[in-house]
Structure formats: structure tokens, C-alpha cells
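Chemist: Here is how the chains run, residue by residue.
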Amino acid sequence: QQQVKQSPQSLIVQKGGISIINCAYENTAFDYFPWYQQFPGKGPALLIAIRPDVSEKKEGRFTISFNKSAKQFSLHIMDSQPGDSATYFCAAQRTGGSNYKLTFGKGTLLTVNP
Amino acid sequence: ETGVTQTPRHLVMGMTNKKSLKCEQHLGHNAMYWYKQSAKKPLELMFVYNFKEQTENNSVPSRFSPECPNSSHLFLHLHTLQPEDSALYLCASSHVQVYEQYFGPGTRLTVT
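Sequence lines, in order, name chains C and V.
My numbering puts the first residue of the first sequence at 19, with every later residue one more than the last.
My numbering puts the first residue of the second sequence at -16, with every later residue one more than the last.
It should be emphasised that the hints constitute simulated quantities derived from the structure, not laboratory data.
Hints are supplied without guarantee of correctness; some may be wrong.
From the structure, some residues in chain C lie toward chain V, with a derived Cβ separation under 7 Å [stated by the list, open to error]:
#1 Tyr50
#2 Lys60
#3 Gly61
#4 Pro62
#5 Leu64
#6 Ser83
#7 Phe122
#8 Lys124
Take a look, some chain C residues computed to stay more than 10 Å from chain V by CB distance [claimed, not checked]:
#9 Thr46
#10 Ala63
#11 Gln99
We put the CB at the ideal spot given by N, CA and C, even for glycine.
Turn these sequences into a full structure, and let the hints steer you where they fit.
Modeler: See the structure below:
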């Protein structure tokens, strides 16, 4: 059972365009939703994260939109640049308990053409 | 060294070999994690250690054996692996009370 569904699998955007990646989750106990960025040969790096008490969070060109009732959240990359080309993973986490287990989506390979 | 380091970065081993992966975090964290990243599959959590104590074993086969001698070091001992175990193995760390996890660059494992 895949608890976090991510789409699309791959995305090609022109420089300056908007990249949008969507995720949906099933477990209503999740209360922390990070996005990770992974370049080839590197481990995932935390990009931006949101808690369900807000509907949007913006950091520079990156924005998370969160819809609690629909159990969906998305990453928007404004003014996409070739340097943004990477694999993006959404994740969900239940922060109570003795460990902070991240459940990941399958990833989206973003290519930004110059 | 800064952040989370992993050695070796690449490993090729036969099915009858025994090898170990090493992870070291330089962030003062007290929780460490092993993840498996395979092509076309989500990142899979394997093990979690909080303050050197294992708190999660995500139904991982016994041919993978973790060891956490202290809060800064984490090992994954490998023996009699299968070709389907070929993957990128990622180590991560965090503070127990803080959500953000920091990943190392991974070890690319190929089982022949």
C-alpha cells in the first residue's frame, strides 16, 4: 500500500516557467510534509516543509500548497532554472512517537530546459 | 568533515561476501536512519536508532544487520546478499525532537 502518491513521474519545463509537482496521502495522522531535492550522486536535501495548520508556505521561488480536506499537497517552483533540474520527493511524517519515520513518494524527475 | 558522510561510495560484492557500510554524522544529532533507494520505488526506511537504541526495524531481512555504537556512527553489515539488494543505501540523521532529517550521499551497492 503506497501511502504517499506523487505525480508526475517526470516533468520538462522551459526556463522561467512554473514547475508543479503533486502529492496525495492517505494517513490522516501525518502532520509534517517535507519536500526533498536530490541531485545525481547526492543524498536528498530538505527543500521546504509545511505543517497542516497552514495552507501555503513560500520560501523564495519554492511554494508548498496544502489542502487538508483533500489530503493533497503540491510544490510550485516559480521562474524555474536549469539548476533546479533534479529529482524531487514529497514525504509525510507522523511526528509523535519514538521515531520520526518519513514516508516518501516515488519522486519526480524535473528537467528545466535553457 | 561536515554533515553526514558515508563510506564507501561504491561497493560491488558477490552473493557470498561479507561487507559493511559506514555512516558518520558531524551534526550533533541523536537519531540515525538507514534507507534503501531502488529505481522506480520510493525511498524505503530500513532501520531507526534513537540514542543508540534501535526503535524501528521495517521488516528488513536478516542478511542486513545494523550496528550503532554511538550517536555519531552507524554501520550496516551485509552478508549473503541477493542481486535484488542492489540499490543506493542512504544514511540520515536528526535530532530526536526535531523533524528534519539530513542525508548522506549514499553508498551505491551492486550485488553480482
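Chemist: Decide, hint by hint, whether the structure agrees.
Modeler: Results of checking the hints against the structure:
no.	hint	result
1	Tyr50	holds (5 Å)
2	Lys60	holds (6 Å)
3	Gly61	holds (3 Å)
4	Pro62	holds (5 Å)
5	Leu64	holds (5 Å)
6	Ser83	violated (20 Å)
7	Phe122	holds (4 Å)
8	Lys124	holds (5 Å)
9	Thr46	holds (18 Å)
10	Ala63	violated (7 Å)
11	Gln99	holds (23 Å)
Hint compliance for this structure: hints 6 and 10 are not met, and every other hint is.
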